[in-house]
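Next come the chains, spelled out residue by residue.
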Amino acid sequence: MNIVVDLNRCQAYAQCAFLAPEVFELHGEEALLYVPAVPEDQQERVHRAAVACPVQAILVGGAAGADVR
Amino acid sequence: MSGELRDGRIVVVGASLAGLRAAETLRDEGFEGSLTLVGDEPHPPYDRPPLSKQVLLGRVPATGTGLPARRPVDAQWKLGVAATGVDGIGKRVFLANGEEVPYDRLLIATGTRARPWPNPAEAALDGVFALRTSDDAAGLAERLDAGPRRVLVIGAGFTGSEIASACRERDIPVTVVERGPAPLVGALGGTLAAVAAEMHRRHGVDLRCGVQVTSLEGDGRLTGARLSDGSTVEADVAVVALGAVRNTEWLAESGLAAGPRGVTCDAGCRAFNMYGIVTDDVFVAGDVARFPHPLFGYQLIALEHWGNAVAQAEVAAHNMVSAGPFRRPHLAVPTFWSSQFGHNIKSVGVPTYSDQVVVAQGSLREARLVVVYGYKGRITAAVSVNRAKWLDYYQNLIETAAPFPPEPGAADRTAPMIPLPSDVPDPAVLSHGPTVALTGHLPDRRLTLVRPGG
Amino acid sequence: MAADTLFRRITDYASRPDPYPLYAELRESKVAPQDDGSYLVGTYHEITALLHDPRISSDRRHRSDPEEARLAAELAPSFIGLDDPEHDRLRRTTMRPFGPPHTPGRVDAMHGEIVRIADELVAGLRGRQRVDIVDDFAYPLPVTVICRLLGVPREDEPKFRGWSDAIVGGLDLNPDQDPTERTQAATEARRAMGVYLGGLAEGRRGKPSDDLLSAFVNDQDPAGGLNRIELMVTSVLLLVAGHETTVNLITNGMLTLLRRPDQLELLRREPALMPRAVEELLRFEPPVQMLPQRTPLVDVEVAGVTVPKGAPLILVLASGSRDPRRFRDPDRFDPRRTDNQHLGFGSGVHSCFGAPLARLEAQIALTALLRTLDGLRLVDDPPPYRRSPVLRGPRHLLVEHDGAGV
Ligand SMILES: Cc1cc2nc3c(=O)[nH]c(=O)nc-3n(C[C@H](O)[C@H](O)[C@H](O)COP(=O)(O)OP(=O)(O)OC[C@H]3O[C@@H](n4cnc5c(N)ncnc54)[C@H](O)[C@@H]3O)c2cc1C
Ligand code: HEM
Ligand code: SF4
Chain B
257 MNIVVDLNRC QAYAQCAFLA PEVFELHGEE ALLYVPAVPE DQQERVHRAA
307 VACPVQAILV GGAAGADVR
Chain Y
15 MSGELRDGRI VVVGASLAGL RAAETLRDEG FEGSLTLVGD EPHPPYDRPP
65 LSKQVLLGRV PATGTGLPAR RPVDAQWKLG VAATGVDGIG KRVFLANGEE
115 VPYDRLLIAT GTRARPWPNP AEAALDGVFA LRTSDDAAGL AERLDAGPRR
165 VLVIGAGFTG SEIASACRER DIPVTVVERG PAPLVGALGG TLAAVAAEMH
215 RRHGVDLRCG VQVTSLEGDG RLTGARLSDG STVEADVAVV ALGAVRNTEW
265 LAESGLAAGP RGVTCDAGCR AFNMYGIVTD DVFVAGDVAR FPHPLFGYQL
315 IALEHWGNAV AQAEVAAHNM VSAGPFRRPH LAVPTFWSSQ FGHNIKSVGV
365 PTYSDQVVVA QGSLREARLV VVYGYKGRIT AAVSVNRAKW LDYYQNLIET
415 AAPFPPEPGA ADRTAPMIPL PSDVPDPAVL SHGPTVALTG HLPDRRLTLV
465 RPGG
Chain V
2 MAADTLFRRI TDYASRPDPY PLYAELRESK VAPQDDGSYL VGTYHEITAL
52 LHDPRISSDR RHRSDPEEAR LAAELAPSFI GLDDPEHDRL RRTTMRPFGP
102 PHTPGRVDAM HGEIVRIADE LVAGLRGRQR VDIVDDFAYP LPVTVICRLL
152 GVPREDEPKF RGWSDAIVGG LDLNPDQDPT ERTQAATEAR RAMGVYLGGL
202 AEGRRGKPSD DLLSAFVNDQ DPAGGLNRIE LMVTSVLLLV AGHETTVNLI
252 TNGMLTLLRR PDQLELLRRE PALMPRAVEE LLRFEPPVQM LPQRTPLVDV
302 EVAGVTVPKG APLILVLASG SRDPRRFRDP DRFDPRRTDN QHLGFGSGVH
352 SCFGAPLARL EAQIALTALL RTLDGLRLVD DPPPYRRSPV LRGPRHLLVE
402 HDGAGV
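Protein chains in written order, with this note's numbering: chain B, 257 to 325; chain Y, 15 to 468; chain V, 2 to 407.
Take the hints with a grain of salt, since some may be wrong.
Said to hold, decoys possible - Here are some chain V residues pointing at chain Y (derived, C-beta under 8 Å):
| no. | residue |
| --- | --- |
| 1 | H53 |
| 2 | D85 |
| 3 | V306 |
What the hints contain is simulated information worked out from the structure, not anything from laboratory work. Cβ atoms here follow ideal geometry from the backbone N, Cα and C, with glycine treated the same way.
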């Protein structure tokens, strides 16, 4: 599972950083850092975070190009 | 979508952000034909912004920024092989391995690469880096992990500033050399550049503006650099952050309007040929595109921004499978962000398209503020530093061409709303080149620099 | 003229079970001036624009009605009623012990404890023929959680319940009632609760414990922390906002699902849908129906209407979240809805401080109820509602088991 946050949309509501603190982190008051390749044990939390993001900025999906041969 | 457009062969050259999002949109919109993605990097699509942030901070490995898929694309991926040319008449893309890939419609999404250090021998010194790809980031991150004595960052645009910030956070000594008068001045103008310079200094960056690196020194291994003011810097790592070069050389013989400023296209992402005639089967998106924007006087602009790559790819893909009247223009207001020294900088509009600025909210002193840019009495951009939640308001003002300066009344406007010159320098004086290139005629800001009564 | 009486009809207690048709009427005009001088806004795009407009104040002291401004000035506002930069400073200070960047793990770490509290409460419901979802579950759960978080003894609940009722009562908007009286009562209650919470905090000084009241008096904050008054009004805000809203979300959730057995079954089968379902509840039956506090600092034009400086500006969030210009099929409850940027927690700088906690509580609470309770039916539909048109929710929600016991 991979994620990317559209940081143009993100307004630092930090819901993600509360709900999945090992994946999303506020750096200073509102700069968001995150781990793009989500560890197995964090997936449920990340799902919760993505749903909770008030501006729907978190995109969750399988790694792009997984079908690369 | 008409049946004819739903089928056929589409080739996307450049398998990164824009290429991937375009491919997904094509399938979303019902394209059922064959889809080929060509990319010269060996990796599946990954995200670049984390390379200068999470990766250099050591939070994420350089190989760990893969992009998520929005949906399966059912494509043939040709990775690790460059496209070397296009035959627009025979409708074929030539690849470096000798292969030819036929197409009915082509999308060019080859982006940019880091501008190299001009002296190849010096650039080859061990310890000299650029930062554009995950391989670049892997090499640089490894050096930072090893704890260098000092890192020299050449160029104080966004990438250079973010690199300096990551180093300082890891307590690595940093010298930043910028030819212009301050960091970020080329993108944000004088007012915020002063804030940026203060951030560098407060975080212990040895910031040297108005000077240039004239040579990199070393014997196989980098030992330092010589500056135009005669001084020297001792450093075992140097990062060349002099901006980007558009990947258009492979199109030299294509007959398309492709050159150092990008591949020119119309508002619907269709490429122009060298005679200025719009093509109907070649499209462009992302960092490599140069397109007219109605909000900015239909000047041709090129935006090296993540958000533009995504939005433009979606429009290009839509138009590739839509008949004339159903095509859409790419009109999105440009937006970007940068995070450095624990600050979140966000921009809407085009700050360089301006003659004046005001601090509309917050204060320069606290480095929490919103700055609004105007051009000839109209709001053209706004930039927030740690004030992202207000930016929507200004985006709306830009979209509705609201008068500049913005109406007063903000609760947290502490400074009086006095417009200042926006002080966007000519790109020629910068180390790093502009990340937004207004490649038409520049607005003549000199007119307002001389204002009676100040 | 309908617009003149619309606000009265919305606040009328008889409208409480179903205000949504009135909101549809409200949306016919983007801005609806009322005969009492206030302005109602019920369309999504206008509400979000106003929530991000720096000229719109949350501080009632900017109201032009002198009586209102005087009442608002009697007791220092908490940060929900202040503007930046003061609001920003206090909110960041209060956030320090609660969330990122300084305490990122607090809410996540409460997960297990909330599950335990919910399970205990649910266990108490087993075997009973008739249950009140409010009194037996939806109220005690968030009260227990917020007490733990703040460090307020759970046994003191009877003490603060009266104050809390009066504070919420202050938000009643019936234009036919004397606002002075109810505001005064609310102010008294805030003062009393503030003294109580301030006292609890003082008792922790030098004796740190793992709760917010302790953190407020013991932690070092380079920005200076909260002074005595700030500590009192902030603690009151957290205690009240922390439970008076969440109770309604849980109750509205059960009510909505009991009315739709197919959706209830769906969520029972697929608990992974619960986070989305809670977002949909926040859109469909939001506990905070409107924000009555806003005031323009200058004349502001909204959709062609000038809202004058100092006028009460009421943003009807629940109406915006059902605006057909923003949401497809807005009157349908769809727990799978993906495009759901609802206004349940507001938006902009004042957007809910406790939202992640409220989300977790509601997800856990509803999951526990669905897992345990089977074959229930509503005793009264609609149920009796609480008075407030702002914090709207059932006063009781009686459910019965078809068979021998729950
Ligand atoms: C370190 C870094 C930090 C950044 N931070 C931010 C930020 O904070 N905010 C922001 O808005 N933007 C940021 N950006 C910019 C953002 O990443 C770009 O705008 C985005 O990557 C553009 O996507 P693209 O697909 O158009 O181009 P690219 O990502 O450049 O992709 C083009 C691809 O095409 C390949 N290619 C080139 N020529 C050929 C050829 N002939 N044949 C085959 N393949 C070819 C390239 O190797 C590359 O893989 C950052 C960029 C970098 C490098
Ligand atoms: C379902 C439950 C909840 C709902 C629907 C809700 C809703 C809201 C809304 C709409 C606002 C915006 C007010 C405005 O803009 O004027 C708000 C603010 C606030 N909420 Fe909540 N809330 C809930 C739970 C909580 C909890 C659990 C807490 C505390 C732990 C809390 C604390 C606050 C505070 C302190 C503010 C003020 C924020 C500010 O002004 O910056 N809320 N809430
Ligand atoms: S929840 Fe969404 S808006 Fe908030 S910080 Fe995370 S990504 Fe940004």
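Hint check:
1. H53: holds, 4 Å
2. D85: holds, 4 Å
3. V306: Status violated, d = 16 Å.
In this structure, only the earlier hint numbered 3 is contradicted, and the remaining ones agree with it.
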